[in-house]
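Please work from the sequences and hints to get the whole structure.
Be aware that the sequence shown starts at 448, since it is given in this note's numbering, and climbs by one per residue.
Be careful, since some hints might not be right.
[To be verified] Quick list of simulated restraints, FRET-style, between CB atoms: (1) Ala595 to Gln467: 48 to 56 Å; (2) Asp607 to Asn503: 39 to 47 Å; (3) Met576 to Ser633: 20 to 28 Å; (4) Gly449 to Asp584: 46 to 54 Å.
Treat the hints as calculated values from the structure; they're not laboratory data. Since the structure is predicted, the reported quantities are computational estimates derived from the model, not experimental observations. In this text, a Cβ means the ideal position worked out from N, Cα and C, and glycines have one as well.
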Amino acid sequence: LGKVGFVPQLPPPLKMPVGQLLGFAAAVCGTDAERMHALARRLGLDVGSILARPFNRLSGGMKQKLLIAIALGRDTELLVMDEPAANLDPEARHIFFNLLAERLGSTTMIISSHRLDEVASLVNRVVEMDTGRIVLDDRVAEESRFSALFEVHLTLARADAAIARTLGSWQFADRRAGVEWHGTVSGADRLRFLGMVARYVGLLSRIEMHEVDAAVVLQ
Numbered sequence: 448l449g450k451v452g453f454v455p456q457l458p459p460p461l462k463m464p465v466g467q468l469l470g471f472a473a474a475v476c477g478t479d480a481e482r483m484h485a486l487a488r489r490l491g492l493d494v495g496s497i498l499a500r501p502f503n504r505l506s507g508g509m510k511q512k513l514l515i516a517i518a519l520g521r522d523t524e525l526l527v528m529d530e531p532a533a534n535l536d537p538e539a540r541h542i543f544f545n546l547l548a549e550r551l552g553s554t555t556m557i558i559s560s561h562r563l564d565e566v567a568s569l570v571n572r573v574v575e576m577d578t579g580r581i582v583l584d585d586r587v588a589e590e591s592r593f594s595a596l597f598e599v600h601l602t603l604a605r606a607d608a609a610i611a612r613t614l615g616s617w618q619f620a621d622r623r624a625g626v627e628w629h630g631t632v633s634g635a636d637r638l639r640f641l642g643m644v645a646r647y648v649g650l651l652s653r654i655e656m657h658e659v660d661a662a663v664v665l666q
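Printed below as a string of structure tokens:
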């Protein structure tokens, strides 16, 4: 358990006091509870003042900070996080993603998020799912390919005015009655584009993205 950290989207309804919870988690994971205290403080939570308070009596933000501190307060090899930044204030969100960045290269992370813009600097693979079906599985390249250009083909289940306006703002061309679209996206904008597409995942039937030679496309 000491090698795996988990941050749930919904906090468990634990009634035990915060101090007891931290002590239990540290003992099970073979780590020092002070590491968890220190991480909570970095996130803006003074654990010392709430040690006797039942976990289920904390605010949503306090619960989330504590769960993050418990997950990161060990030498993990794998982190699994479901909407981990939910309920965090803007400053805590910024600190949290900095904490994750410190683990790059040493920890494998699986992050469920609707905010691709927030995790863009952390991930090397993006998988989008709709009702259990994978609609996109895209590997994010190294920084050297941020200058690349990607050709994108989208097929929708049906025409929709909202996504049509959005794709139009990306200079995409309507190839067939609003259900087939084609355009190009720069490497630097790829995750931002995928984040936009994720808002319409229920409309997507197919998406293809291929790296192309910019000189050929511009001819």
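Which numbered conditions among the earlier hints are violated in the structure presented, ordered from lowest to highest? Violated: hint 4 alone.
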